[in-house]
Amino acid sequence: MKVEKFDAIVVGAGLSGLRAALELSKKWKVAVISKVHPVRSHSGAAQGGINASLGNTLEGKDDTAERHAYDTVYGSDYLADQDVVQFMCEEAPKIVIEFESMGTPFSRLDSGLIAQRPFGGAGYPRTCYAADKTGHALLHTLYEQCIRKEVIFFDEFFLIDLIKVDDQITGILSMDMATGELIIFRSGYVILATGGFGRTYKRSTNAIINTGDGVGAAFRAGVPMQDCEFVQFHPTTLYGTNILITEGARGEGGYLFNNKKERFMKNVASKAMELAPRDIVARAIETEIQEGRGFENAYVHLDLTHLGAERIKERLPGIREICIDFAGIDPINEPIPVQPGQHYSMGGIATKFDGRYCETPLAGLYAVGETASISVHGANRLGGNSLLETSVFGRYIGRLLLEKGLAELPSIDKLEKAEEAAFTGIEDLFNQWNTNSGKRPVEIRDEMGIVLDTKVGVFRTEIALQEACDQLAALQKEFENVQIPTSEREFNFGILRNLELRNMIDIAAVTAYAALWRKESRGAHSRIDYPTRNDKEYLVHSLVFKTEDGLMLKTKPVKLGKFEIKERVY
Amino acid sequence: MVEVQKFLIFRKRPDEKARYERYEVPKKKGMTILEALFYIQDQLDSTLAFRYSCRGAICGSCSVVVDKVPQLACKTQVSNVKAAKKPPKLPEFNYGDISDWIQEEEILIEPLPNMEIIKDLVVDMNPFWEFYRKVEPYLESEWSDEAPESAQSSEDAKSIEHLVYCILCGLCWSCPVNATNKNYLGPTALAKGYRFIADTRISDKHREKIIEKVWQENGVPSCEKYFVCNRVCPKGVKPGTAIKQIREKWSKNE
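Which chain is which? The protein sequence lines are A and B, in order. For the first sequence, this note's numbering begins at -16 and goes up steadily by one. For the second sequence, this note's numbering begins at -2 and goes up steadily by one.
Any given hint could turn out to be false.
As the list claims (entries may be wrong) - Using 20 Å as the maximum straight-line C-alpha spacing, the simulated SDA-like pairs for lysine to any residue come out as follows:
id, chain 1, residue 1, chain 2, residue 2
1, B, K131, A, R294
2, B, K83, B, V66
3, B, K155, A, I312
4, B, K24, A, G223
5, B, K9, A, G163
6, B, K131, A, D138
7, B, K210, A, G163
8, A, K296, B, H159
9, B, K3, B, K131
10, B, K24, B, K9
11, B, K155, A, S84
12, B, K82, A, R131
No wet-lab data here; the hints were simulated from the structure.
Using the sequences and the hints given, assemble the complete structure.
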């Protein structure tokens, strides 16, 4: 059994993980573990931009961190914690300027300053961008700086389980994907930056790798999951493949049309129109489709043709490429067929109510980015706030841990006992998978995706959610007897994808369970049977725990603040 | 009856001889090569190894050779493979005996050329990353988070935009020079070097250093101007043109 020892371990090499590692590597020996090479991380797929109240444009010159915080809290339907939102928005201009100083090739205004565009739910043009490939530009910048600073990477290492002694994290069990060898990374600090878990749904914009490995591992280790019922459905995903069509397309002036050639957003958000927040636009599109005003009962049109070839080529080149490659249409000449699809997990690993941001109830374990629910997005995330969250809290966590100092580990006997148990536990599991006679992973994965798509989607009801819970519980049961050959270990993606399913099947169940519990409509969680927000009973975070007797739900107060609770209208 | 598409796929386990295996995948409208590979992995043989991540042509993971043309599996439509016009003047890639390949019927999938094969379609990209690091592709200034940001004209920012779009997929390593010279930095690293040389924000000192790096014997001087890199690049980065521009504008002796 091979054991690697580090001062801190960062799992995941997207923006959150890289930014944390850059900070920590200044002083400590840090390992970044990632199941893909860092530049393959899903942060690179983010298109539209990163929010910061720089006030670089004429229309945005009065913008402030305060207004950014207000829009974020209002957009979250008041479920975001106001202290952490305020912190993020104050850090935002700094983090964007820092990115620029690291070399990020932002698009520029005539003044030479970083360009900013309007985005949904934002009072000012606040979203800084690099054409429509902002995530790619930021991810590559951080990776470049990691190369410069000689950060230590373990590429293509898969996180299997967390290892703990009593209530303290002591490391992780991982698989070296190339050889299939199980490797222990021992450390008193583990930072999970493993991204979202959108692949629990079938219709998702997420990369295939977004399977919530950190979230699943934390949940198995007894850490609760927070606000998982809040799933962001991006209003405009390309019909067919559900590849993301950025909100920037509407930010640049794109229109949404139904089959009657009506800009239907006027019925639900007469002021903000297409730039209402994502939950509202997604519901409007879903309604058009359900009421027969869509095309082929499946999509509406996102029309950019009036923007002209030049603007499309300059501001939205990636979108044009995606449309040509994956749908065979050129948005210069034709509208884009779009439908809502799972896009972002507002929920994730719960962090403490008191204490520092990103800190989980398991000592030494931290969560950052989409993996975590800390919670800056509450019930609905604004576009441009997720890239921001990753780097603000990646940097924050790095600084926090350096300030705290190195962790003390339990005695070597205890450590080795826990590591041995994790190791043999997984070997036993692999043997079991090899000899099982149940379903193959693909069957369970497909069923799970369909259950979530159809029963835990944009609109929800008690009956459908109850069915979803029952079906997912049955699938969890079936997963115990899942069969997959495990004797060949080198680059065996069959095994790896089954380990991913092991994580997703739990998270899917939590999502449905929390959605069933929340009998109100708030942000992205829209219950047809409870169509209004109910602050009296539900202005609280949900926490779902794994117990011997199944799932258990508790609540956690929301950190309120100066922004007074109002009805949310756009 | 569901129509099937036949595949002939390169397979190899570490320390074993390579072989080709045949698979049949039910055709589906809009199916990409990547989806077909997943079908095979999910339904027919869970040990088939290939890299993937975003499935939207932005992460650069799934580079393979389809019918002897290097391309991204996620960006290639199954229905289009036989009809697609192939880029002109591609080198020949040989992985083994394919004399029984029924070219009209079977889609042939092989790993990226000029890299060591680890398993099936997964190649060892370590040299690729090593050469990428060699050109020191980053800004070297101290980070600052204090306003205002440093300004850059819109034109200057745009002038490197196409270079920034590089997704480090490795397809341009199909270059014939990479086939013969294992130390050739390759089109990716050189284009990345140029992305920083041409960035108006870089310090003169670091620019000089990168120029030095890209002009080493196995860098720009080794490029033989085949421009295969430009033709296979899925993102319009045009590495060959970047190398040409280094030659024209940033000669070492300047």
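Enumerate the violated hints, using their earlier numbering and listing them in ascending order. 1, 3, 7, 9, 10, 12
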